[in-house]
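K.L.:
Here is what each chain is made of, one letter per residue.
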Amino acid sequence: MKIPSRITTSATRHATAQPWMLPLILLSSLALTACDSVPNEPTVTGGGSGSTAAAYTGEACNAVSTDPNTVEDICNFQTEFWAKMLDASDCENCHNTETGSREPYFLDTAEINTAYGQMISRNLVDRTTPANSAIITKINAEHNCGTPTECAVLATNATNYITNWLNGGVAGAGTGTAVNEVTLTAPAIKETGQSKNFPAGAAPAGFTGVHNLLTQYCADCHTDSASVPQAPFFADADADIAYDAVVTSQKISLDIPQDSRLVARMDEGHNCWDLATGGSGNSSVDQQAILEGRKNCAVEIQLAIEAFAGTIPTTAVPANWVTSKAMTLLDGIVASGGARDDSSTIALYEFKTGSGSTILDTSGVGVPLNLTLYGNEGTDYSWVGGWGIEFHTGSAKAQANTQDSRKLLTSILGSGEYSIEAWVVPANISQGDANDPARIVNYSGGSGERNFTLGQAEYRYAYMNRTSTTDANGEPTFLTDDADEDLQSTQQHVVVTFSLTEGRKVYVNGVDVATTGNADTDPNTTIGNLTGWDPTYAFSMGNEADFSQPWEGKLRLVAIHNRAMTPAQIQQNFDAGVGQKFFVMFSVSDEVGDPNCFLASAITTSNPRGEQCFVYFVGSQFDTYSYLFTDPTFISLNPALSPSGTVIKGMRIGMNGKEPAVGQAFINLDTTLNATDYDATTGKQVLSNVGTILSLEKGAGADEFFLTFEDFGSNQDVRTPAVCGSTMTCTTTAPTPPATQAPRVGLRTFEEIFVSMSEMTGVNPYDSARYPQQKVLKTYYDENAGIVSGIKQALPSTEDVSGFLAAHEMAVAQLAIAYCDELVEDTMLRASYFPGVNFGVGVDAAFPSSTEKNQVVSTLYNKMVGIGGTTLNNMPSEAELQTELVGPDAGVAGHPGNLFDRLYSSCAAAAAADGSCSNASATRTAGVVKAMCTSVLGSAVMMIQ
Amino acid sequence: MSTHTISKTLATSALTLVLSAMLVGNAQAITPEQAKRIHDRLVGTPPSAACLSQLTPLSANAAAIDAINDTGGSDNCTGTDFYRVTLKNFITPWTNEEQTVFAPLNDYSATLIGIIRDEDDFRKILYDDILYTGPSPSGLANSNAHYKNLEDTGADLQAVLTATTQSAVYPGIAPAGIFSTRAGAKAFFVDGTNRAMFRFTMMNHLCNDLEQVKDTSYAPDRIRQDVSRSPGGDSRIYMNACIGCHNAMDPLTQSFAYYNWIKDVDGNPNTDDGFLEYTNGVVQPKNLINANNFEYGYVTEDDSWINYWRTGSNSALGWDGALTGSGSGASSMGQELAHSEAFARCQVEKVFKAVCLRAPLETADQTQIDAMITTFKGNGYNLKQIFADSAVFCMGS
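Those sequence lines, one after another, are chains A and B.
Under the working numbering, residues 493 to 1437 are what the first sequence spells out, in order.
Under the working numbering, residues 876 to 1272 are what the second sequence spells out, in order.
Some hints could be false.
Claimed, not checked - Taking lysine-lysine pairs in the DSSO-like style, the calculated list, with each CA pair at most 30 angstroms apart, reads:
no., chain 1, residue 1, chain 2, residue 2
1, B, K999, B, K1089
2, A, K1284, B, K1225
3, B, K1089, B, K1252
4, B, K1023, B, K1252
5, A, K1284, B, K1138
6, A, K682, A, K1141
7, B, K1023, A, K1270
8, B, K1161, B, K1138
9, A, K1267, A, K1176
10, B, K1252, B, K1138
11, B, K1023, A, K1284
12, B, K1089, B, K1023
13, A, K1270, A, K1150
14, A, K1267, B, K1023
15, A, K682, A, K844
16, B, K1228, A, K1284
17, B, K1252, A, K1141
18, B, K1089, A, K1150
19, B, K1228, B, K1089
20, A, K688, A, K1150
21, B, K1252, B, K999
22, B, K1023, B, K1225
23, A, K1150, A, K1176
24, A, K1267, A, K1284
Stated by the list, open to error - Computed, partial: chain A to chain B, Cβ under 8 angstroms:
no., residue
25, N1001
26, D1115
27, A1157
28, V1182
29, G1183
30, S1281
The set of hints was computed from the structure by calculation and includes no laboratory data.
Please read all numbers here as calculations on a predicted model, not as lab measurements.
Think of the CB as a built atom: it goes at the ideal place given N, C-alpha and C, for glycine as much as any other residue.
Only chain B is shown next, with the shape it has when bound in the complex:
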């Protein structure tokens, strides 16, 4: 546990300070039933007898943190499966196009687990030069074997994950959080036009599919040539539907112009080969395909991007006024997304649902969501804290 950034004591103290004002009453000792449910929901397993005894005297907030932090020594609540099971299965569906939870551990999921474990700024997942690996990593750029082996051997991810940088492991690529992870690239930069990466990021990390942000009034000047303006010969489809997403998606997706997933290097589609290619300064051909679908469309010349959603109806996503709303490359575009209000709300709502096992639809749930968003933003975007808060809220009476 040498990589833990703060000790359980510090965490407990900080948590107590933060939550004391809004969760009055939770400072009292909790019942065994509540302690078990907190442990069930966070770790995924019932607590051991020793762990249950350790949690019961604590306040709910302290118990929640205690359940998922292993401080070694006499700590009976190791929380191993919070990282190895709960977080992994929380994150895994985001790492593949099928959104299956049965996909293997990979650099995308391991990195997010590491960031949560270390209570790091969770916004970094969309832009930072950050990566987590297990012991003695090798061949990461060309294979997922390292991460799959960690999973297959039941490695204690809380203990073994070590922070490093993508630029050190994946030389030559422009690091940009999940966008430049091998698993992310394999899932969403393969074939196509790289728009999948944007759409799935919107779904997974801003909790909005494109349909929910469709607005036909934005300027269509950056919609690429490959988008037919008259699908099936009926331009009404484009004017009423296609344009509403592509008008803002295409200028944001342009930030991925230099990325591409090189697949099937060995010629066998069933093997886990392939790597992320980054052609600095050279637009990948996939951005220029089907140019004759509408030759008067936008031609991608670089990886500059602009966020048209800063005005109009989708300004409701809550963009960071400290950022400019335009730039070059995936990292700055990811930062634009990660700094939005929608990003913070999305993460909190996802955690609530994962811990409370229901969507936050009730009035009290909404109040709790708002409070946790405030906590999330005020506490350095520490998502582990949100897990603990959600478990406390849903621990039952």
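The following block holds chain A by itself, in its conformation from the complex:
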């Protein structure tokens, strides 16, 4: 970004001259005149052949010399002179060790260092006056360069090539070291004006007239239901949708209706509805159109907009506010664009067009490599405010034809290295994958072969580059590290470079990804050359040529360089930023209260009081929906000002007569202009290091900004923050009572079940001395070598009774069985728990009558249901339990479905069938008791709390 100063002279740009104090490595010493005496000179038809340069495979320009200045000079020689002369002339047919034997070999295609050495050692170049170089003199002498006219053209071009070589880049482009200085001058002073703002929400009633015209005349295209929908859809039959489209796309100017985009398009004759009919049918419209010499469709919609604007009240700045003077963004001084290093740029896309289906190459180098946009504007792609293009769908791509695309191949093969630079905003971090990245910038012949691709694979940038050591698809792909998440769904600067010495490198936001986080390395460890590049491929953006790999997101700048950019150059371009920036200067001369804020000698028509004191921001359109304001700085253009204790507090950025509620990052500003922080040399004091964004309302040319202050000098407008219950009413809505009363009971949860069963059975599962096998504990939870088992997490985890599942029931049963097993197998515990039960005999002997059976029921009831024999009204009675477990006292016949009898008869049946069970066994007695215990323990009497 340019550095602003208050120098009172006009803006200047200082191109930094290159020092050429070169310790030259002379490779040979041969006379230029040798060429003159060579017989059988090749037939020269004038000018260069223009043929595609063969890929350079020799040593890199930085491979021989260790002196950085020499390396830079050789590399500049290669890209600016050598490569271009190969293209523009036929000198290489002789002055080249590979094709001829005419010294000097200044266009040697085998080794760039040889060519350079010849150029220097033979004094072919005049560094002071390139036009006086020996080689130019030779061309001017019409030495094998065609007709005199053709030789003159070549001499001019060659002189330019030498000049660019010596200057380190194309004249007029950034030199890589130039720092541009912007002079800040007082802007036209404007008071904060009254402004009209679109009512938020639904379409206001006054919009009806405009809406009627739009739906009547524009609906064939500008609706989403049109056969070829054209965004924005301001002709939608739904007035609210149409209104929203008009507002967000800024098609109407309420303050100056004639400036509305809708009116301008009609004036341009864009599908004017009156042309076919010869008149609007409205005589006043026709008359006004005739009077003003305009199309009557334009007048008709302008009148409708004026009527609409008439229904919108103006918003005025309250009188008590302490305000600066007003500015629009475009009133500011242009701040950006000059500090980029474009010395090796061969194609540049800044996306400034703003509409249409062509993306222009603005590099100014060679034949413009323009791209054609495919898909529908507005739905598949859209232009981005503040410069950029956004790809929305897989039907979008931007592509050049293969012939134009050869510009890249020709130039890059000449240097053997290149860079792809892009400012991108990926729409998401889920598109693309490692095997098939989404294509951001692409030079390919289809989904399976390419020269290069910059792509996205989720959080990773993907760089495919075809070399002699990769396959035709440029694989293996260089992917940035997955865990580093170098790609973010936000605006980023990404540069990928290839050179014969360093291979592929990836830089994100100026940083080599190999130096941050996990090491990102090129999986292709053998650096090849570009000899295999195919001239029949097409250059594209946002998709593969066959639409197979779309990339969604925004491109705000793309540049192709025929050099591997250096880290310093990349950092410089990152620092330069992207998009158009302005110094937006708000006069605060009145607020400062110092007579030096007014200078009689600075009085102009636009600054009638000679105002000199400002707070400026660097402002830009951040994206389609917002502005970015950064670097708030106080500046005095009058060096005589010497602030001493001027307080600035509570600064807000106003817009269109009001203070936007969101984005006020300087509310808490509390600073003082004083001698300590104020730089008398520059006249500046930085107010804050943070920036903010504000929502765009009417557009960069229409939104009027101003500053307000709670305290500036002696001017105060103190705002007391609102506090609930004091200066603002904050009502909390009471929860809505449920339609039906919530259950008053719930389930016991997993661990409550575990300990409740322990309480009910008397088994302490943690007592490993008594229960060395820990059957209960291991049934519940076990962990062995990191492997977890047990039914703990299969038990209910919440109390909600409606969430009780069959799986829960199974887990409860398992745990109950484990507890009852431990209880009955514990001879001491069972003796005290089930007094009177003889566990040493078979079932018949243990339960000779209902008395013994009822004793078990009684025990279970007292321990688990009616605790301690207490009758609990919300629990089953002992009689009910008895019925279920052993049947009523009347005997087996009284309740054949009881548990005891079912167990008895099932065992008897098994005994008769295969002898697998025996009611005479003491084991069976224990089993019957365990079953009765389990049926109670695992029932709702335990589960419900």
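Take the given structure of chain A and dock chain B to it, following the hints.
P.N.:
Coordinates of chain B only, in the frame set by chain A:
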């Protein structure tokens, strides 16, 4: 039970005094069904026969306290599982990002259990230099084994937990309640940007997720550089959503600037290693990552914090006028949160739901919540009391 701060007798007396005015009628003996439900809800188990007999003659309030306090000797209601089961499972979901109740006992949960057991000021959980351990603790800074072993062996937490200080156990860290516990740090200071610690504290202890306090009107000047102002290239998302939480969250989360969880020291992600790192005076790099997402964002230079929610719509959270609303470090920020009305209400509502097994949505529930908040604040922020009060309210007829 030597660590109990007050005896059952004192507790019963105090409880009777506090509740007598608002719960008239509960001074009478309770039914066995009510006694069982009080015990069920607080302890998680049905009472033993002896315990049920002990509770039934008591007033509801006294029975509730009796059920969860073990005074030793002839006390038949030990209340062991109130601490070992009910409180542990009440607290455990707050200690991990998955909010699972199946996570093991840890220093976060054990400390809160200890504070409740000792009827200490529950607000301390967000700022105090306090920690509870079991017998013979060792290696606490680098492992949770001590606490897991307590759980695996069914230790009676009511009996074995002993109060100590974090500064004694975790040397070099700035103690700040749960923020500087090992479990809290492991869950919420791991990776990322430490904002998780703030968000989960808001959810767990102020009962508000960020969505509920979203307000885009606060000044965005402290939103860090890593927050994209144009996610996916659409700044409307930031202006309508992101800014509404980050504007106040980032300046509060800045209090965690010196904390970081060092994970996988042994290189094995499946082991329970790692420790809390505190770099006094040096901002952890995680606070400065992704700076190029918005280079004009706020750059964290220290651990100073400020509470923008003291004004505007979120002043409804009820901030303590005796505090300044700004400071340095996690402890003072935690105190700012803990002293809010929202904190007190949140704790009471959580206990109500845990004991009554339903959200307090009915009119009578809301009245009870308000009464218990008053009790909570007027009784030294003793959360055990709120458990008892909730059990009485939901003991049934």
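K.L.:
Need the status of pair K1252(B), K1138(B): alpha-carbon distance at most 30 angstroms?
P.N.:
Measuring from Cα to Cα gives roughly 39 angstroms; hence the hint is violated.
K.L.:
At a threshold of 8 angstroms, is the proposed contact between A1157(A) and chain B supported by beta-carbon distances?
P.N.:
4 angstroms, holds
K.L.:
Within 30 angstroms, alpha carbon to alpha carbon, are K682(A) and K1141(A)?
P.N.:
23 angstroms, holds
K.L.:
Can you confirm whether the C-alpha distance between K1267(A) and K1284(A) stays at or below 30 angstroms?
P.N.:
Answer holds: K1267(A) to K1284(A) is near 14 angstroms, not above 30 angstroms.
K.L.:
Given the hint that K1161(B) pairs with K1138(B), does the C-alpha gap stay at or below 30 angstroms?
P.N.:
This hinted pair holds, its Cα atoms lying about 14 angstroms apart.
K.L.:
Check the hint pairing K1089(B) with K1252(B) against an upper bound of 30 angstroms on the C-alpha distance.
P.N.:
At roughly 27 angstroms apart (the allowed maximum being 30 angstroms), K1252(B) and K1089(B) satisfy the hint.
K.L.:
Against chain B, with CB atoms and a cut of 8 angstroms, does the hint on G1183(A) hold up?
P.N.:
Given a least distance of 3 angstroms, the restraint on G1183(A) holds.
K.L.:
Do the alpha carbons of K1252(B) and K1141(A) lie within 30 angstroms of each other, as the hint requires?
P.N.:
Violated, at roughly 39 angstroms.
K.L.:
Does K1284(A) lie within 30 angstroms of K1228(B) when you go C-alpha to C-alpha?
P.N.:
The given pair, whose Cα atoms are some 23 angstroms apart, holds under the 30 angstroms limit.
K.L.:
Next pair to validate is K688(A) with K1150(A); report whether the Cα-Cα distance is within 30 angstroms.
P.N.:
At roughly 10 angstroms apart (the allowed maximum being 30 angstroms), K1150(A) and K688(A) satisfy the hint.
K.L.:
Mind checking the alpha carbons of K1023(B) and K1270(A) for me, to see if they're no more than 30 angstroms apart?
P.N.:
Holds. K1023(B) to K1270(A) sits at ~16 angstroms (cutoff 30 angstroms).
K.L.:
Please verify whether K1089(B) and K1023(B) have alpha carbons no more than 30 angstroms apart.
P.N.:
Distance ~38 angstroms between K1089(B) and K1023(B) Cα, so the pair is violated.
Consistency note: the structure conflicts with the earlier hints numbered 4, 9, 10, 12, 13, 17 and 30.
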